[in-house]
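K.L.:
Going down the list, the protein sequences come from chains A and B. Counting along the first sequence from 1, when you hit position 598 you're at 969 in our numbering, and nothing is skipped either side. Counting along the second sequence from 1, when you hit position 317 you're at 472 in our numbering, and nothing is skipped either side.
No lab work stands behind these hints, which were simulated from the structure alone. Don't be surprised by glycine CBs; every beta carbon is placed ideally from N, CA and C.
The calculated lysine to aspartate or glutamate pairs, modelled on DMTMM-like cross-linking and capped at a C-alpha distance of 20 Å, are:
{"hint": "1", "chain 1": "B", "residue 1": "LYS257", "chain 2": "A", "residue 2": "GLU861"}
{"hint": "2", "chain 1": "A", "residue 1": "LYS1004", "chain 2": "A", "residue 2": "ASP984"}
{"hint": "3", "chain 1": "A", "residue 1": "LYS437", "chain 2": "B", "residue 2": "GLU159"}
{"hint": "4", "chain 1": "A", "residue 1": "LYS460", "chain 2": "B", "residue 2": "ASP185"}
{"hint": "5", "chain 1": "A", "residue 1": "LYS1043", "chain 2": "B", "residue 2": "ASP242"}
{"hint": "6", "chain 1": "A", "residue 1": "LYS1279", "chain 2": "B", "residue 2": "GLU241"}
{"hint": "7", "chain 1": "A", "residue 1": "LYS459", "chain 2": "B", "residue 2": "GLU184"}
Taking beta-carbon pairs under 8 Å as the criterion, some of the chain B residues facing chain A (in silico):
{"hint": "8", "residue": "HIS163"}
{"hint": "9", "residue": "VAL222"}
{"hint": "10", "residue": "GLY265"}
{"hint": "11", "residue": "ARG273"}
{"hint": "12", "residue": "PRO305"}
{"hint": "13", "residue": "GLU312"}
Listed here are the chains, written in short residue letters.
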Amino acid sequence: MSSARDNPKGSARRRLKASHLDVKRSLVVSSPAGSGKTQKLAERYVALLESGVAPERILAITFTEKAAAEMKERVLSILRERLPDLHKKIQPRLSRFRISTVHAFARSVLERFAFELDLAPDFSVLDAIEAELMREEVIREGLVELGSLDNEAAFWVRHLTLTEGWSRLQRKIRLLLRHIPQSYLSLDAAPDDLREEYEQAWESLRRVWGDGFWQAMGFVDVPQPSDERGHLMAMRFLLDRVSPYFLTTSGTLRRRLPKSEPEREAFIRRGEAFLRYHETFWRWHAAVQTMGFLYVFRHLAERYERRKRVQRVLDFGDLEYKLYHVLYHSPNWSNVLESFDEQTDHILVDEFQDTNGLQWAIVAKLIEEWRSGFGAKHELGKFPTIFLVGDVRQSIYLFRGANVEVFNRAARELQTWIKAGFEEVVVRENYRSLPLIVDFVNLLFSKLMQGGDQDWQTSYEEFHAMRNPGEKGHVEILLARVEEKASMVEKKQAEAGVVAARIKEIVGSLPVFEREDDKEIERPCRYEDITILLRRRTHLFRYEEAFRRRGIPFVVVRGTGFHASPEVVLLRQLIRFLANPNEDTALYGILRSPLCALSEAEILEIAFFEKGDSLWEKFFSLKQLRRSVIWLKKAMKDVDVLPSSVLLERIIRARRLWSVFADRQEAENIRKFLRLLEEFDSEGLSMFKIAERLERMSTREEEPKANVSTEGMDAVKIMTVHAAKGLDSNVVFLTGMDEDTRRADPLAVREEAERVILTFTDSAYSQHPERLLWQQKQAAEQKRLFYVACTRARDALFCSGAWGGKASGWLGYLEQGLGMREVMGNLELPDAPKGVIMEVREPAAEEEVIEAAEESKVKLATILERGWSVRKRRFKRVSDELEFSYHQSKGLRHFGEIVHAVLDRLSKGLITDEAGSIEQAVRSLVLSFDLAPSKVDGYQRGVAEHVAALRESGLLERIVLSRKDAASEVGFVLREDGETITGRIDRVLIKPEGLHIIDYKSFPSEVESIEKFRDQLKLYAKAAEAIYKKPVDRCYLLFTADAEFVEVDIA
Amino acid sequence: MDGEFPKHPYRDLLLPERMHQALGLPTVEDEFANAEFEFRRLLAMPREHVFLSAPSIQADRPLLPSVLLAEWEESPEINDPTLYCEDELQILTPLNRGGPQKGVTFTDSGSLELINARFGPKHPFKVTLLEVYRNCPYRYYLRAVLGLEPAEEPTAEPEGRLLGTVLHSLLERLLKEQPDSERIDEKLLDLLVAELERRRLNPFLRLWIEDWVKARKDWFRDQELARAEGSWRVDPGWLERNLELSFEKEGFRLRGRVDRVDWRGNCARVLDYKTGKEQYFKRKIAKGESIQLPLYSEMIRRLEKAEVDSFGIYSLLDSKLVQITQPREAMRAAVGFASDAVSGIREGLFEARESQTCRYCEYNEFCQR
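Model the full structure from these sequences, guided by the hints.
P.N.:
See the structure below:
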């Protein structure tokens, strides 16, 4: 295959260099994945600054706030490196940079013209959560109120509730109001506009029915058709009852035919007639439903609009729609344009493939004057430009209303408008992936994306690998063998297991490349180099489970399910209980959580206690347990005095909940929850109302978890393909290749000039042309999604799935694009580039997994060594226990942690060394780890043995037990060789001659050579010296299993 | 000093920037100059040192330092490991919180004694709850052992439970009156109006239920006609009837409430009304996931010394009657399933079992499925 690697200074690159920096020319840059889109945008921006354009005269539009911030940073960094003088001049004017999201830009215009546009001058913009709550409320109340009336609207509400179902109807309305501001365009025309379609559909149906259809079918007494409302449901039920005789659930003719010839013939004849009738009916039904839906939608949209107006707020969709409306339909449009034109000479838009027709209409209007080549600016010798950059192959937001067709349409329109001052540039360089990945992607997608007459039919343009550090890269199709009829659960369990096993194999061995200065340095792969891309989140917990079982550290990035995360569930339970102490379910959650850490046996005892009705009353009748919830009683008193956010924050601190949910994601989720409470408090909501609102919100699975920076975490990242957009990773595992994840969108949305066509997409309308078109568009988007996923990989790409003998889901693309086939039980990829590996693995048996985890115990020293001497990165959170916990078997890990925690409690005087006290502590620790109560005895015996050994040797008294001149579990953050390391020192004794550092090891001294821990102790010593401002005199390891106390020389 | 400094320039909603300049009003440049002045004055205030810090990242979003720091060199980072707020300190000393709940298993004698005292041979097990145990023992534990009732508010929305209550009551009244099958649909609508009136529902719910019933009344009439043709008799005493029976040999007692039993001589057909979606009924019976109807049938067989012709669901939502004829095997198996469930309860085994319906479970906050 020809490649620009042979000719790195190819003409395309030269042309682009010339083009994107040519500040007098407008451009549409089609820039494939990994070609440095944002860099080009930033360079263009800098070129404009360099040519003397003031920053406030450049409008750069990105699609997320994060992208806007990154863009500013990149512009500044280019300036700093290449043009320090300009940088110095520009930096103080940073606040005048107009780099923002499309919403922020629209907001600024609407604010400026609030009076003219009849908006409250101090309007605020609802955040996503507030807006969703308001929408839910408006929709629910609106439907109930409308449905109670006796008019047209009421009929449609009840009819749609009957046919669609209550929640489905609400979901459809919410979808439009939330994601698709252009759907407002459909309101002006509807429903009269649909009358014609409805009439036509009705006429066809009447004809079929009137032709003695039912009589021919052998039915008598079927009433004449009528489009009177009462008949609509009756007709539908009649059809539903007949359908199963002739048709399958997917609407095709049944294959099982009667045995005798005449009966068979009659069946086929009737079946075909019925199929025709069926299709005609559903076509008419779709027209009826859509018409009714739009009727209801219009009422609710108006109601929502009124509510926003009263509260003087707008939502994100409004920002776009209102700006569009101003520019096209307001008498003040010329003022707005004039003002914009006066302030702006250049527009840059990033990720242009994700725009919708409304957004492009806004931009097109804004540049109306200059695009003609005439006007005041040209007369003054200014050359206003527009610069759009994107990649149609990466357009993956169809479900949120993005329209891939806009990209090509915009390019054509600009060409017509600007002519000579415009150029469309196609970039073909890929600076991200190694050659094998690029070859794989080129070969596969040139077959899959063949284009077509329509703009949404994406065509593929090959790109060239520009990286060549001497390695070709790695591409592997990794499939887990499953039974042909395996359930989805079995398939995903098998796949997750195989992926986890492969990760274990490649960490430390697969070469990856890190950029240092201008060179690419090879090093072995680490966990942090790996990203798992999920097609959907449904099976996320299978991967979490598989990774936990194999001791693989991971972090879920931008995961949804905020409300279902354990920490948020617990906080919600607290709120629910504080709002209503009779809420037994909430109290149960609190009692068994680390907040109280009661055992299930204790809870059972309470529940079976006869005095008192609710769990809480029973609790207070049982004196022996009452103490454990005194804090809760106190919190109940504070409910009326303190805002909920303050009250909860106090509980969280006092009950050391930050320590329990110490994972970054969890801590950020707690903060997000507290911010949410602050908002509710600021609205003056009571605890009861807050609880109610939280419960309503908790049903929304899509609520994202709090954002977390993953920098410095040596953990595998898990995210969806959508969340990975704009990111890359050294190693990518694209999972779920076998899954068919086409979205069951409730509505198809098609943009036409100045209006939007909405169609129901339920399976009943299987033959509706709009639905078929929508499905084709979805299929095209699936390919683009696959492309986005593959092109995230820098050095290695693994495509995984389950193989049960059928190329389902994206495996079908491998069949289509690379000729994947099974030969003699082996899978082959004959058309794949040389070097692509294909492997089908048997999933590992459970016992093997556990054994593998056990084995990792003896690898501890190697891990420590690698952890502290090889890795180079900016941050490191490696305390001994974290490392320990990542690499030990679950049982040993828990035991080690329990021993450490018990010794810490002894040191802090929280418990005594009496057997009862230690047993109690072990039990609560075991239960807080959520281990089976049956394991309590074992752990208690184990810990007791260790403590006994320590006591007998005198070490318990000398080292562990509470004393003034000592500290336990001392946390530190240390900067060492440019790395930031965090950790905890088990015990520090402060002696006159200096500090004694002691590190506990819960395994016997013979397991590992003491030498292995020297580096660890050195770091501890350094940290302790910094903290206590005293020199370290001695360092020891205390092996608790055999009470061995060993001095380690760290000099 | 904390927060945005300098503040984002004030946006004048009435006058554009050039008008400010022309009229001599403060411009954005003036605002910036003021901020810079304030900043320099602040810098002059401390006696010895000035420390300036700026966050570099918020969640995953990079933040840029204040523009006032443009001419400042970045100092080497402060390395004081004791600079923490309380939250951070707690976070640095993590405690393990365990994973999601996988259910409960009691092995200690105290708990088992408590359980056996309550769920002994005299305890009448509710058939519907035993079915819950079959599908998820942990759910049974939370509902029947601990007796946790999730607090739910009455709703003004059209939802299945309300419909179920109304229709069960409506059909009981209707069939108790033993109306003529030919005109049963008219009677149904009459009684519906009275039933809805009695319940004082809001107009929307009233109209919605009315529409719902009207759409299905023809099918209902056809079913009742077919019943009459098949010589099945509705006995008013066998509508919404409570059953209780001790299974001596198996060592447990069951109770429950059957929706309807039709009779033809000594032969019974047992029916359960459904207003929600009911899928895979036959498969669920075979797998022992649905034991309610076969157990009721077995109880009727033993109590009445009757023969059970069939049992099935009378699905009002989907307008269909799904029946299992020759049900003896299923009834026998269901007793076995119930027996296993009772043993499991008494042995303190309440594991959480995953299924497609977990997401709708009222207790899913405890296992996070």
